[in-house]
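Please build the complex by placing chains B and C on the supplied structure of chain A, with the hints as guidance.
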Amino acid sequence: MNRSAITKLQASLLIIVVICGIAAGTYAYYSMIVPAAKTRLIVSTTTSLYETGFLDMLKTKFEAKYPNMNVSFISQGTGLAIQTAMRGDADMLLVHAPSQEYPFLKGGYGVNRKIVAYNFFIIVGPSEDPAGIKGKSPSDAFKAIRSAGLNGTAIWVSRGDNSGTYTKEVSLWKAIGLDVKQLRQEKWYLEAGSGMTATLKLADEKLGYTLSDTASYLLNFNNHNIVLVKLVEGAKSMLNVYSAIADDPRNANMTKTNFDGSMMLIKYLASDEGQQLFADYGVSQYGKPLFGPYLKLLQTKSDPLGNDPTQLIQWISDYAFFEGSECPQQFRYQAEGLYSTQTPVPVLLVSIVAGVEQRKAAACIQSLKA
Amino acid sequence: MSPHLETHDIRREYDSVLALDRVSIGAHLGRVTTIVGVNGSGKTTLLKILAGLDTPTAGDVLIEGHEANPTQLRTHSTMVFQRSVMFGTSVYNNVAYGLRIGGVSSREISQRVKSALTVVNLDGFERRHARKLSSGEQQRVAMARALSLKRDVLLIDEPTANLDPANAMIIERAIKDSAQSRAVLLSTHNLPQARRLSQHVIHLYKGRVVEEGEPSRFFTNPSDERTKLFIEGELQF
Amino acid sequence: MHPIIEGIIQAINLILTGDPEVFSIAALSLYVSVLGTLLACTWSIPAALALALRKFQGKRILKGLFNAFIGIPTVALGLYLYLLLSRAGPLGYFQLLYTPNAIIIGQSALVTPIIVSFATGALESVDPDLRTLARTLGASDRQTYNVIIKEAFWGLVLAILAAFNRAFAELGVAMMLGGNIRGLTRVLTTAISLETARGDIALSIALSFILLGMVMSLSIAINLARKTSQ
Numbered sequence: 001m002n003r004s005a006i007t008k009l010q011a012s013l014l015i016i017v018v019i020c021g022i023a024a025g026t027y028a029y030y031s032m033i034v035p036a037a038k039t040r041l042i043v044s045t046t047t048s049l050y051e052t053g054f055l056d057m058l059k060t061k062f063e064a065k066y067p068n069m070n071v072s073f074i075s076q077g078t079g080l081a082i083q084t085a086m087r088g089d090a091d092m093l094l095v096h097a098p099s100q101e102y103p104f105l106k107g108g109y110g111v112n113r114k115i116v117a118y119n120f121f122i123i124v125g126p127s128e129d130p131a132g133i134k135g136k137s138p139s140d141a142f143k144a145i146r147s148a149g150l151n152g153t154a155i156w157v158s159r160g161d162n163s164g165t166y167t168k169e170v171s172l173w174k175a176i177g178l179d180v181k182q183l184r185q186e187k188w189y190l191e192a193g194s195g196m197t198a199t200l201k202l203a204d205e206k207l208g209y210t211l212s213d214t215a216s217y218l219l220n221f222n223n224h225n226i227v228l229v230k231l232v233e234g235a236k237s238m239l240n241v242y243s244a245i246a247d248d249p250r251n252a253n254m255t256k257t258n259f260d261g262s263m264m265l266i267k268y269l270a271s272d273e274g275q276q277l278f279a280d281y282g283v284s285q286y287g288k289p290l291f292g293p294y295l296k297l298l299q300t301k302s303d304p305l306g307n308d309p310t311q312l313i314q315w316i317s318d319y320a321f322f323e324g325s326e327c328p329q330q331f332r333y334q335a336e337g338l339y340s341t342q343t344p345v346p347v348l349l350v351s352i353v354a355g356v357e358q359r360k361a362a363a364c365i366q367s368l369k370a
Numbered sequence: 001m002s003p004h005l006e007t008h009d010i011r012r013e014y015d016s017v018l019a020l021d022r023v024s025i026g027a028h029l030g031r032v033t034t035i036v037g038v039n040g041s042g043k044t045t046l047l048k049i050l051a052g053l054d055t056p057t058a059g060d061v062l063i064e065g066h067e068a069n070p071t072q073l074r075t076h077s078t079m080v081f082q083r084s085v086m087f088g089t090s091v092y093n094n095v096a097y098g099l100r101i102g103g104v105s106s107r108e109i110s111q112r113v114k115s116a117l118t119v120v121n122l123d124g125f126e127r128r129h130a131r132k133l134s135s136g137e138q139q140r141v142a143m144a145r146a147l148s149l150k151r152d153v154l155l156i157d158e159p160t161a162n163l164d165p166a167n168a169m170i171i172e173r174a175i176k177d178s179a180q181s182r183a184v185l186l187s188t189h190n191l192p193q194a195r196r197l198s199q200h201v202i203h204l205y206k207g208r209v210v211e212e213g214e215p216s217r218f219f220t221n222p223s224d225e226r227t228k229l230f231i232e233g234e235l236q237f
Numbered sequence: 001m002h003p004i005i006e007g008i009i010q011a012i013n014l015i016l017t018g019d020p021e022v023f024s025i026a027a028l029s030l031y032v033s034v035l036g037t038l039l040a041c042t043w044s045i046p047a048a049l050a051l052a053l054r055k056f057q058g059k060r061i062l063k064g065l066f067n068a069f070i071g072i073p074t075v076a077l078g079l080y081l082y083l084l085l086s087r088a089g090p091l092g093y094f095q096l097l098y099t100p101n102a103i104i105i106g107q108s109a110l111v112t113p114i115i116v117s118f119a120t121g122a123l124e125s126v127d128p129d130l131r132t133l134a135r136t137l138g139a140s141d142r143q144t145y146n147v148i149i150k151e152a153f154w155g156l157v158l159a160i161l162a163a164f165n166r167a168f169a170e171l172g173v174a175m176m177l178g179g180n181i182r183g184l185t186r187v188l189t190t191a192i193s194l195e196t197a198r199g200d201i202a203l204s205i206a207l208s209f210i211l212l213g214m215v216m217s218l219s220i221a222i223n224l225a226r227k228t229s230q
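Residue numbers (this note's numbering), protein chains in the order written: chain A, 1 to 370; chain B, 1 to 237; chain C, 1 to 230.
Pulled out of the complex, with its shape left as it was, chain A reads as follows (with noise of 0.2 Å):
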């Protein structure tokens, strides 16, 4: 009788769990997860502009807008987030490699490509500087930590995924004509396979040099992650330009994609709201944006970030137009609305004011115009 009983209440104590599991878990699906009525995006985007939480900001912000709306941030280096976009599994990129969103656009994959915030990558380091590379131009730094790497006094830790910071530092390797996949073989060159903020915390550990986004940087540096510093900064070759695109909805693969809702995230990242998201993320905590906001920069004249705002603009458009425009006109559907938003007659005046040559004055008017 006495076993009986505690075999019964064995089973009731089992019971009990299972229905708490369920009942626990329906209950925290349906208190935050989509009722059927609300429209899906899926973003696919990188790890930088997600790991400084900039996008858990810009979902409530854009629900709070749109409330009929639930939109998803995947995060992956960019190269995984251009892969999954073009299988169709996300609705549209949020993505910082210029050279990696053209063939996207080329391959028919995406479409109505803007343009909306900017920073820039920095070398950061040991303090004790090994290399010497403080204050040095990128190219001259990447040299030194070369030579100091088969020295044996330096480590470099790459990204090592196909991610928009990875891209950047394959295209630095290659201005001093160095193919990444030979230094990859050598011992100093190490790979971190991850996401900024452990290649960043790979490097503290290692006291080695790596590429950071600013934002990522000054996040782990506040949070007391790493101990790093800023060696090299502020180069043109050292700009980092976030774009959005969506996918092409006349794909094979992406019929079943959320065009409307793309373009509604695109539109409202370019809208004034959506830009001054980007002019204040991050100030009161670092003094100044962690991303500076493109249109602003281009209605205002003016760079949160503090470079000289001209300078910039067109550092920009060499860097991270294609044929002369951030969206050629091929690339551009049912976009009406998302390309004039930039006023051509200051640009134009700037252009010549600035002394810049007449052709590509030119180009420029022409893409404003388009």
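Note that these hints are calculated values from the structure, not bench results. You may find that some hints are simply not true.
30 Å max Cα-Cα, derived DSS-like pairs, lysine-lysine [what the hints assert, rightly or not]:
# : chain 1 : residue 1 : chain 2 : residue 2
1 : C       : K150      : B       : K132
2 : A       : K61       : A       : K296
3 : B       : K150      : C       : K150
4 : B       : K114      : C       : K150
5 : A       : K201      : A       : K187
6 : A       : K256      : A       : K38
7 : C       : K227      : B       : K132
Frame of chain A, contents of chains B and C only:
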């Protein structure tokens, strides 16, 4: 009187071993028939075939003169094994199990269980957990289980082989009791028991029936040489 | 104060004050893993019954297969299912990727070998004499199965608990199929992985306490079940 249950030339072969060879026996209602023989002589195999738990390689089993297949035999008889298994529940449920699946009404079940338990001296044991009983008590539960089904044929393999004298006596009494309305077949090593209980004895040796007959003649004046040796405990096997 | 100790103190604080983020993540974890396990039961238990109680060709190979997949690496399974569920894949029509349902499906696939193997073992270890006994008492095949299942009950419970344990504590499937989306598919394991990568030690420690607490209670429950089944 013709037998209630009989076999014609049963042959059971497996793994190139011949367990039973041309066995033809009969059991009558109201009688206890005992099968004796050394270990491995085929007693258990024969009982299993009669219970419908095993299929003969050749030969027939007949109920009231009609051929019966194992499924029919299974519903017509019930078997008690040498070591009985108990369901992990109360004594009452153990005994009632077969009645419940047989669709008997719960009032009838209650009556039958009670009377079956009384026959084996287990009154008041209904609520006890069957697996916690002594092996003697468990064997009695098994007996009660078989009795409550009220089937025409009762087969018992070594009914008291593992029991102390007290338990053994209770079982034997139950067997005698049950034989009034059934055909009972049991196998045993226990020669005095065979003599006590049965009206007919069969000697099985290496799968063959070598002798059978009434107990008084069988034990005092067997005709077969092997039976003589068996009784004296000197039979080689 | 040492950052790890600081983290632990903050973590305890988060748990004691019932921080909604922490608990909603835990609740979601429970939800997907419980449902995933139950879903797996719907086909695994009948499969185990067939494997244990019926005779057919290739039984041994099947059993071996299930056994082999018990420890399948979750990322591998996650990857294959991802390719299946992707909009570009064969089951893309259902647009399941990055939803809790995808995790439920993924985890049910993950734990199926566990349930099948353990349950088959439990059923097979039931005394075959019980089966014979049931038959002598007139039980049909179906009724005999019931006897065996009742007999193996605690062994089956053990199988299900072990399966739930695996589902609850796994990372690869939830990450690949769910995408770790805040408020939607962020479960304990994926959240810990993210918060650690982000450097929010306090939150990841808090989540890990809950995860471990749950796993340990499950171990106790499993041991109880094992003892009862003997």
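Worksheet item: Which of the listed hints are not met by the structure?
Response: Of the numbered hints given earlier, the structure breaks none, since each of them holds.
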